[in-house]
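Just so we're aligned: the sequence shown equals residues 553 to 806 in the working numbering.
To be clear, the hints were calculated from the coordinates, so they are not data collected in a lab.
Check the hints yourself; a few may be wrong.
As the list claims (entries may be wrong) - Here are the simulated distance ranges between beta carbons:
no., residue 1, residue 2, range
1, Asp605, Val803, 39 to 49 Å
2, Ala621, Arg733, 29 to 39 Å
3, Ala621, Glu736, 31 to 41 Å
4, Gly738, Ala805, 18 to 28 Å
Said to hold, decoys possible - Keeping only pairs whose Cα atoms sit at most 35 Å apart, straight-line, the calculated DSBU-like set for lysine-lysine is:
no., residue 1, residue 2
5, Lys671, Lys802
6, Lys568, Lys671
7, Lys568, Lys802
8, Lys707, Lys802
9, Lys707, Lys671
Each residue gets a CB set at the ideal place from its N, CA and C atoms; glycine is no exception.
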Amino acid sequence: MGIVNVTPDSFSDGGKFLDPEVAIAHGLALVDEGASVLDIGGESTRPGAAPVDVETELARVIPVIEGLAGRCRLSIDTRKPEVARAAVAAGATLINDVSASLWPVAAELGVGWIAMHMKGEPGTMQADPHYDDVVAEVCAFLRERAMAASEAGVKEIWVDPGFGFGKTDSHNLALLAHLDRIVEMGWPVVVGTSRKAMLGRLLATSDGSDELVPADDRLAGSIATEVWAMHAGASMIRAHDVRSAIQAAKVVAA
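Taking the hints into account, I'd like the entire structure generated from these sequences.
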C-alpha cells in the first residue's frame with residue numbers, strides 16, 4: 553500500500569503533494585514501483601495534528617482519487633463518513649479508518665474497511681498513553697470492531713494495530729514483537745511503521761545521538777520493522793518507500 557498524503561502537515565511529506573497533479577503523478581510513480589493499493593489522505597493524523605473540516609478534506613482528496621481511478625486500487629484514509637462516501641463515489645474501494653468507527657458506512661457502500669487502533673485523538677493521543685497489557689487490549693479492541701463490522705455485513709475487513717497512535721515506543725515494540733497474536737485472530741493485518749517517529753528515536757539512540765533522525769533518513773528502520781511484520785504474517789504493508797518494501801517482501805517470500 554503506497555501512501556499519498558495530500559496534506560500540508562503530514563509528519564513525513566507534508567506539503568509535497570498538496571497540488572492534485574503532483575499527488576496524481578506521485579501515486580502513478582508508486583504504482584510503477586509495485587504498489588497494489590494507493591492510500592489517499594487529506595487530513596494528517598500525526599501526533600498533535602489539528603482536525604480538518606469536511607470541505608477542505610474533500611477538496612484535497614477527490615481530485616486525486618478521480619485522477620487515479622482505474623489505474624490502481626484506491627483507499628481513502630479518513631475518519632469522516634461524508635469523505636468516505638464521496639471518495640467511494642469517485643473511485644475508492646477501501647476505507648482506511650483510523651477511528652475504527654466507519655464500518656456502517658463500509659457496509660452501506662459495499663467496500664472494504666481497515667479498522668485501526670488509536671487511543672485518544674491525534675491532537676492528544678501521545679500525552680502519556682497507558683495500558684495494563686497493550687497487546688491484549690489492542691487485540692480485544694480490534695476483535696470487537698471487526699466482529700461488529702462482520703455482523704453489519706462488511707465482507708472485506710482488515711485490522712491495523714496503529715503503531716504510533718496513542719502508544720509509547722515500548723508499546724509499539726511490544727505490538728511488533730507479538731504481532732503474531734494479532735495475525736492469529738484471523739483478519740488480514742495491515743502494518744504502518746514507515747518513517748514513523750519511533751524509528752527516528754530508535755535510530756538516534758543507536759548512533760549515540762540525542763537528535764531525532766529525520767523522517768527521510770528512516771528507511772533502514774522502516775524496512776527492518778516491515779520485514780519483521782511480514783515474517784509475523786502481516787498481509788499489507790503501508791509504505792512511503794514502495795520499491796524498497798517490495799524488494800524486502802520478495803526476499804522474505806523467497
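Results for each hint:
Remark: the range hint 39 to 49 Å for Asp605 to Val803 is upheld by a beta-carbon distance near 44 Å. Under the hint 29 to 39 Å, the C-beta atoms of Ala621 and Arg733, about 37 Å apart, fit the expected range. Distance hint check for Ala621 and Glu736: the Cβ-Cβ separation is about 36 Å, which falls inside the suggested range of 31 to 41 Å. At about 21 Å, the beta-carbon gap between Gly738 and Ala805 stays in the expected band of 18 to 28 Å.
For the hint pairing Lys671 with Lys802, the CA-to-CA distance comes to about 33 Å; that is within 35 Å, so the pair holds. At most 35 Å may separate the alpha-carbon atoms for a hinted pair to count; Lys568 and Lys671 meet this at roughly 28 Å. Between Lys568 and Lys802 the CA atoms are separated by roughly 29 Å; this keeps the pair inside 35 Å, and the hint holds. With a CA separation close to 28 Å, the supplied pair Lys707 and Lys802 stays within the 35 Å bound.
For a cut-off of 35 Å, the pair hint linking Lys707 to Lys671 stands: about 26 Å separates their Cα positions.
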